[in-house]
Amino acid sequence: MNGVMGVIFASDNENKLNELTIHRTTASLPFCGRYRLIDFTLSNFVNSGITQIGIVTRSNYSSLMDHIRMGRDWDLNRKNGGLSVFPPFVLNSSREMYKGKIEAIYSIQGFIRRSPEEYVLLSNSNIAMNIDFDEVMAAHLAANADVTMLVHKAKTTTSRRLVVESDENGEVKDLYFSVTPAPEDKNLGLNVYLIKKDLLLSLVEHEYARGHVDFEKDILMKQLGSIKINAYSVKSHAAIVDDVRTYYNESMKVLDPAVREELFYGDSIIYTKVKDSVPTHYKQNACVKNSLIADGCEIDGLVENSILFRGVKVEKGAEVRNSIIMEDGKVMENSSVCYAITDKNVTVTSGRTISGYESYPVVIVKDKTV
Amino acid sequence: MKSRNKKECVAMLLAGGQGTRLGVLTHDVAKPAVPFGGKYRIIDFPLSNCINSNIDTIGVLTQYQPFELNQYIGNGQPWDLDRLSGGAYVLPPYVKGKEGEWYKGTANAIYQNINFVDRFNPEYVVVLSGDHIYKMDYDKMLAAHKQKGADCTIAVINVTIEEASRFGIMNTDGDDRIFEFEEKPKQPKSTNASMGIYVFTWSVLRQYLIDDEADPSSQNDFGKNVIPKMLADGKKLYAYRFKGYWKDVGTISSLWEANMDLLNPESGLNLNDPSWKIYARNSAEPPHFAAGSADIQNSIVSEGAMVLGSVKRSIISHSAYIGLGASVEDSVILPGATVKAGAVVHHAIVAEGAVVGEGAKIGEKQKAPVKGEWQIAVVGPGAKIAPSVKVAPAEMVKEGK
Chain X
1 MNGVMGVIFA SDNENKLNEL TIHRTTASLP FCGRYRLIDF TLSNFVNSGI TQIGIVTRSN
61 YSSLMDHIRM GRDWDLNRKN GGLSVFPPFV LNSSREMYKG KIEAIYSIQG FIRRSPEEYV
121 LLSNSNIAMN IDFDEVMAAH LAANADVTML VHKAKTTTSR RLVVESDENG EVKDLYFSVT
181 PAPEDKNLGL NVYLIKKDLL LSLVEHEYAR GHVDFEKDIL MKQLGSIKIN AYSVKSHAAI
241 VDDVRTYYNE SMKVLDPAVR EELFYGDSII YTKVKDSVPT HYKQNACVKN SLIADGCEID
301 GLVENSILFR GVKVEKGAEV RNSIIMEDGK VMENSSVCYA ITDKNVTVTS GRTISGYESY
361 PVVIVKDKTV
Chain R
371 MKSRNKKECV AMLLAGGQGT RLGVLTHDVA KPAVPFGGKY RIIDFPLSNC INSNIDTIGV
431 LTQYQPFELN QYIGNGQPWD LDRLSGGAYV LPPYVKGKEG EWYKGTANAI YQNINFVDRF
491 NPEYVVVLSG DHIYKMDYDK MLAAHKQKGA DCTIAVINVT IEEASRFGIM NTDGDDRIFE
551 FEEKPKQPKS TNASMGIYVF TWSVLRQYLI DDEADPSSQN DFGKNVIPKM LADGKKLYAY
611 RFKGYWKDVG TISSLWEANM DLLNPESGLN LNDPSWKIYA RNSAEPPHFA AGSADIQNSI
671 VSEGAMVLGS VKRSIISHSA YIGLGASVED SVILPGATVK AGAVVHHAIV AEGAVVGEGA
731 KIGEKQKAPV KGEWQIAVVG PGAKIAPSVK VAPAEMVKEG K
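Going down the list, the sequences are from chains X and R. Heads up, the first sequence is in my numbering, so the first residue is 1 and it goes up one at a time. Heads up, the second sequence is in my numbering, so the first residue is 371 and it goes up one at a time.
Because the hints were derived from the structure by calculation, they are not lab data. A couple of the hints might just be wrong.
Each computed DSSO-like pair below joins lysine-lysine, with the alpha-carbon atoms no more than 30 Å apart [to be verified]:
| # | chain 1 | residue 1 | chain 2 | residue 2 |
| --- | --- | --- | --- | --- |
| 1 | R | K735 | X | K273 |
| 2 | R | K735 | X | K99 |
| 3 | X | K313 | R | K377 |
| 4 | X | K316 | R | K647 |
| 5 | X | K275 | R | K735 |
| 6 | X | K155 | X | K79 |
| 7 | R | K710 | X | K283 |
| 8 | R | K735 | X | K289 |
| 9 | X | K79 | R | K376 |
Output of the computed footprint for chain X on chain R, the stretches with three or more beta carbons under 8 Å from beta carbons of chain X [to be verified]:
| # | stretch |
| --- | --- |
| 10 | 403-411 |
| 11 | 642-655 |
| 12 | 667-675 |
As the structure is a prediction and not an experimental result, all values here were calculated from the model. Quick reminder that beta carbons are idealized off the backbone N, C-alpha and C, glycines included.
Required output: the full structure, derived from the provided sequences and hints.
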């Protein structure tokens, strides 16, 4: 798809992801056994032919840099376009890090202006889905919209979500935030926007000059009625990860084959950094049920309803249930892990028991030994 | 003129072998492209050994069914071989001036690419073959070659006296200098089997290749012609003793055995070695999924696979599918193969994209190999086995049954 550039915001809601983002951006949060969250957005962009991509970071971005490097694993090491990573930009006027997307876009306006593309796709990095942006563009043009925003049907939870109400043609009539769970499905915003770059820059400049920072509140809600905002409904599986609970729930949903089918075998191949691990070795006492297992694991214990990232060891007599064990985790003999998220390189020593609750999974911080 | 492209050592990888003994597995691909160990192909071993040995310039000589191999190697990036200077080059036979011809033999294949090697002006050339599974530091072998001041160094591995008559045997003196070479001797004098890995001093080899080409009676083969000629001329040929896992996977039985060796910690074949990684082109698949009904032990399972059935002592390659109630034992399931519900697969290789229908029965349990060979049933690439059909041990199915 020519004429569209991409901008990805690498940092959102890090405060709510607590221990999981002490060492990293939301974008580089490990997801689904071998991926980082940003892999989905990057792969969707690349597969839709969007190869001029800027990533705006705010803090802790070394893990992100380590993951994407020059973008080769996504075929983004290009002569023309490719990946531009913007380190945190400290605004001269305020002498502090940018606070919201408006400031972030303002800080890279030069990059956006200089790029030859006419349109910009803005995306948060915490969305796992598999879609073709060509179709979004076609809908945008057909509706003669100024902004097209991606939405999906889901229930509101206690996590902050943008509720989008639109008419039968998809034109957005109302926008509001919700933090209250409701039983019925609503159209919820996915924080992905397609907009002409001239319009974006003029809107951002206008609000930035007035000290406004929030793209949704200060631009979309305010402009509703004066510019045409259209909703594009994503029918296949889409997940927003913005706190520990959504991280856990959205991870566990991927154990459902139908969800995996939509997420990994849809329009896009989902690429990630290749680590050349050996395939996983199941040993004599292995018993693995309903689990997603990445390469490089060694399993001699019980694993049930869980996700094991690359290089995880589960020793004899150990039990892992309803848990997410990130890269190089080690669950030693006769220990037990239940309803837990153990970050990279966590060791659970012999005989220990870790147990959280389905509604409140316990998180073990990176590199810790229990 | 000083060549700015100069490399001390260039590797030439003979990847043109047809591999007729692998039957249907090499019907459409060259032997080095045959999948191995869940996510690799045979050629990943020499390529990874090269880059791990600091050899970054490799000519890959292809001839038979080169398309898949060319595509697989691509620009060499998975092996870190996409270099500004050097890297991986696929070298098919080509037309020179008015003449063009196939590679007549292993020596002729290098002869036809003398210009390629000369471009890097190397002191040494490593000649490798693309049909062995092993991890080896060629840099150490090169150091031995230099230390002895050899014209040619041949890697050898100690085999049993019974096995020795299946190999090219190097008879050496106390200093490991080779004084005699015997191809598949009936009464072997020693047990130093050639591994098909040679280091040559390029200036010496270059002349021998030109002379060999001029000899109409020559079969243009390293083992049959060039090495015996060098020995006869009193050139300095040394054996380099390799200790470690090495296996020629030229037959169905040995290919199956090498896969099974991955499951045995005693075999010496350990790929989970961060200091000597074997690289492969990645298939970009999600992690594999073991369903609630899965029962997997003593096996290797790779990315993108989905297992609903029972898997024992087997290799399940990437993107393979094992259906509900299916039983896979002592078998190798290659990438993208499907074993449908209730099928039973024992001592078999199910090739890429093959489909084993519901309730089909492939192969039979075996205790020990008969006359040194396992009776492995093979379902060829893309072959379709209808529901409830039986495939006998050692049977090969090409398209369907």
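Going down the list of hints, with the structure as the test:
1. For the proposed pair K735(R) and K273(X), the alpha carbon gap of about 40 Å is over 30 Å, so the pair is violated.
2. Only pairs whose Cα atoms come within 30 Å are accepted, and K735(R) paired with K99(X) is rejected, the gap being roughly 66 Å.
3. Distance hint between K313(X) and K377(R) is unfulfilled; the C-alpha atoms sit about 42 Å from each other, more than 30 Å.
4. Between the alpha carbons of K316(X) and K647(R) the distance comes to roughly 26 Å, so the proposed pair stays at or under 30 Å and holds.
5. With a C-alpha separation of about 36 Å, the suggested pair K275(X) and K735(R) falls outside the 30 Å cut-off, and the hint is violated.
6. Of the pairs offered as hints, the one joining K155(X) and K79(X) is violated, with about 43 Å between alpha carbons and a cut-off of 30 Å exceeded.
7. For the suggested pair K710(R) and K283(X), the alpha carbons sit about 24 Å apart, so the restraint of at most 30 Å is met.
8. Restraint check: the Cα-Cα separation between K735(R) and K289(X) comes to about 26 Å, which is no more than 30 Å; the hinted pair holds.
9. In summary, the hint linking K79(X) to K376(R) is supported, as the alpha carbons are separated by about 27 Å, within the 30 Å threshold.
10. Closer than 8 Å: that is the beta-carbon criterion, and the stretch 403-411 of chain R has 3 residues meeting it against chain X, so the requirement of 3 holds.
11. For the stretch 642-655 of chain R, the assignment as covered by chain X holds, since 8 residues bring a beta-carbon within under 8 Å of that chain's beta-carbons and 3 suffice.
12. Under a criterion of three residues with beta carbons nearer than 8 Å to beta carbons of chain X, the stated coverage of the stretch 667-675 of chain R is upheld, 7 such residues being counted.
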